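Under the numbering used here, think of the first position of the sequence shown as 26, with each following residue one higher.
Just so you know, these hints were derived from the structure itself, not from any lab.
All the pointers check out, no bait thrown in.
With a straight-line Cα cutoff of 25 Å, these simulated DSS-like cross-link-like pairs (lysine-lysine) come out: (1) Lys290 to Lys355; (2) Lys269 to Lys301; (3) Lys290 to Lys337; (4) Lys337 to Lys282; (5) Lys301 to Lys286; (6) Lys286 to Lys337; (7) Lys301 to Lys337; (8) Lys205 to Lys134; (9) Lys269 to Lys337; (10) Lys282 to Lys355; (11) Lys134 to Lys114; (12) Lys269 to Lys355; (13) Lys269 to Lys286; (14) Lys282 to Lys269; (15) Lys337 to Lys355; (16) Lys205 to Lys114; (17) Lys355 to Lys286; (18) Lys301 to Lys290; (19) Lys269 to Lys290.
Quick caveat: nothing in here was measured; it's all calculated off a predicted structure.
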Amino acid sequence: MKKPFNAGIFAAVLSLLLVGCASGPAYQPVASQTESIDMDAFAPKVEAFVVLLDISSSMGEDYQDRPKVQIAQDLVASFNATVPPADFKAGLVTFGNGSGRCLGRGEGKGVYGLEAYQTADFASALGSIECAGGTTPMSEGVDATAQMLSGQSGPVAVIIVSDFQWVAARPVNRSVEALKAQHGENLCLHTVKVGDNTTGDALIASIANTPGCDSSVAAGDIASAGGMANYVTGVLLAPLEYEKHAVSATALFDFDKAVLKEQGKAELRNLAEYIKGKGITVADIDVIGHTDSMGSEEYNQDLSERRAMAVKEYLVSMGVDSAIIDVSGKGESEPVASNDTEEGRAQNRRVEIHVGTTRLKN
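Using the sequences plus the hints, can you model the full thing?
The following block contains the structure:
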């Protein structure tokens, strides 16, 4: 028997699909006041990140007197403005229907990247979204993300920003499992929930389920400058831990010279092998020259700088990346012992090599 037409259900569905129809220029996201991140203390822990943004019809509904999609766009804009300058690749993927009349079936598609991360280019792509409409094909968004990241072999982060409403959980879970299979332990998944609807909480729990890697937060939790800085740090960065290696200048150089002796080269060869083979990622190396107080301050400053540079050049010749080595000289300004005795002066004539490392997933 033919079922009667239910006008009420049809009207409700039509209303949902019409929410957020474009009626003017695209909304331009506004980044909130940001807090800078001190990159002397951190290093990237991922090679690439992708933001997966929900622009389906439910995101056009208001939450706290604003369309959820605008809340989400502003949040992603703040994320973008907070990410520190670093050697990331980045991408932006949307799912829904964010252009034209914003009606009907949504789709998952990349709108930026994957490419070398540029703050301005990412912001431009985010601002190109015209509206929020259509269905909620989150699984297609995950699939588009997988395709975007298919060439990446290192650590990656995927951040899903959504209200998690009207989402078909089963295909999403299948797509997430495929993405995890593609990247294994190199993948961390992060969810950001916009709004207070609880129907998608079980899906959130199934997506971000790897302790110590995945995360789930509410948009309001990271809306402040400090909250966003902490979030970016947790998702993209890892703290640097410095090991200090002090090498006697007597072992490295002849008196008053900045040319490495064979004994000094042997010590530095061992250090270079240690740096390259320890199984940790070295993100920063500081080479700092020091002298005793014999001679003028100007001469000692120059000698300390030349000796530090000689050490850097040798480490580079042994295969250590030149780009992560910083060189400085302190002259006689930072003694570790008294300069009144020969023994103390010998301790002060040194080169310190501070190796900044952060453990990353292999």
